[in-house]
Amino acid sequence: MSKFKKGKQGDLPAISTASLPDIVFMLLFFFMVATVMRDSTLMIENNLPSADQVEKLKKDRTTYIYAGKPSTQYKHLGDEPRIQFNDAFIGVEDVRSSVLQAQADMVEELKSKIVIGLKVDKNTHAGLVSDIKQELRKANTLKVMYIANARAEE
Amino acid sequence: MAKRSAPEVNAGSMADIAFLLLIFFLVTTTIEKDKGLLRSLPPIDDSQVEPPIIKKKNLFTVLINRNNQLLVEDEQMELKDLRQAAIEFLDNGGGTNAAGKSCDYCQGKRLDDSSDHPDKAIISMKHDRETSYEQYMDVQNELVAAYNFLREREATRLYKQYYPNADKVFTAMLEEKEKNQFSKDEVLNERIENIKTLYPMKLSEAEPDKN
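From first to last, the protein sequence lines are chains S and X. Going by the numbering used here, the first sequence opens with residue 913, and the numbers climb by one from there. Going by the numbering used here, the second sequence opens with residue 68, and the numbers climb by one from there.
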């Protein structure tokens, strides 16, 4: 028979959800920062060669061109290496127009600094690469980055 | 029996757990950053100007055939020896450059039948259409490595005092330039340009034959 009234013991106290928004925001920010946007799905095999004299690439001014054998889903296209730009296979003759289009879409001050990132499968023959380079010369986009996996210097 | 209430769950540690997760992911995630060899293509030249005559001794030819074999200066060579051969060629300094100066920083053998001056030394590379891209990249890598080696050596000789702790002075300089890209450091840029002019990268690529 205590004089003091005990606190309501009957019902469940609610779990505080005050910090939930914080957690969710934090996750959101984390994914925003850490996610690499892959802007095109690869339709080709893409095992990059490796090199040790590599430089970093400036993403804001880079346009990627992929080349390699069509991957298993696209086997019906045969074994010959193909060029992929954004989300489609293109022929060598379309490289120039695609690159010029990409350049036109860039921010004004970076247009002249455009770099073409060549992500070419290491089993591709180099003739295809030189065809691409010829087209790039015609498009007057002369900075080329041969993208490679960095390996430690011997 | 009295109805017993569940005690309130303490949510105070939630933030700690969340931060722990955040830090864990921050540490384990590697943000993908592409790296590669940066090269410039030559512009298309339609003019009918006769190309200048280059002496054979100033030209270092590298051929790759369809079986990925290397032919360097008319001799077969293994890939591992290419870097050293290129360094020796570039660093030979057997004569004078266009301005008539001899190469006083070269440490090569100064042979008569190798390059006159790093200014004049040109590496010419030609590959077959059937050469694999991997081999092509390996050769490019070795040739770029030869230039980098020499530039690194000169940077160490000239500017080591400014970067006493750096293992690779030229790399350190380029990194510093990268860091300060919004505030131009004239002195640093001038030094980098200076190193680059000591060993200008003259790496030409011939188109493969169409057949």
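What the hints contain is simulated information worked out from the structure, not anything from laboratory work. Any given hint might turn out to be false.
Taking beta-carbon pairs under 10 Å as the criterion, some of the chain S residues facing chain X (in silico) [said to hold, decoys possible]:
1. Y986
2. K987
3. H988
4. L989
5. G990
6. K1023
7. G1029
8. K1031
9. D1043
10. N1052
11. A1064
C-beta: ideal position from N, C-alpha, C; glycine also.
Now the hints, each set against the structure:
The interface hint given for S:Y986 is broken, as the beta carbon of that residue sits about 19 Å from the closest beta carbon of chain X, more than 10 Å. The closest approach between the C-beta of S:K987 and any C-beta of chain X is roughly 21 Å, which is over the 10 Å cut-off, so the hint fails. At a threshold of 10 Å, the smallest CB-CB gap from S:H988 to chain X is about 24 Å, leaving the interface hint violated. Interface hint at S:L989: violated, since its Cβ lies 19 Å from the closest Cβ of chain X, which is beyond the 10 Å cut-off.
Checking S:G990 against chain X: minimum C-beta separation of about 17 Å lies over 10 Å; hint violated. Hint on S:K1023 is violated. Least Cβ distance to chain X is approximately 17 Å, over the 10 Å limit. The beta carbon of S:G1029 is positioned within 10 Å of a beta carbon in chain X (closest approach about 6 Å), and the interface hint is therefore held. At about 8 Å, the closest approach between the beta carbon of S:K1031 and any beta carbon in chain X falls short of 10 Å, and the interface hint on this residue holds.
Taking 10 Å as the C-beta contact cut-off toward chain X, the hint placing S:D1043 at the interface holds, the least distance being around 9 Å. A cut of 10 Å between beta carbons decides the hint on S:N1052: the least distance to chain X is about 7 Å, and the hint holds. For S:A1064, the interface hint is violated, the least distance from its beta-carbon to any beta-carbon of chain X being 13 Å, above 10 Å.
Hints 1, 2, 3, 4, 5, 6 and 11, counting from the list given before, are not met by this structure.
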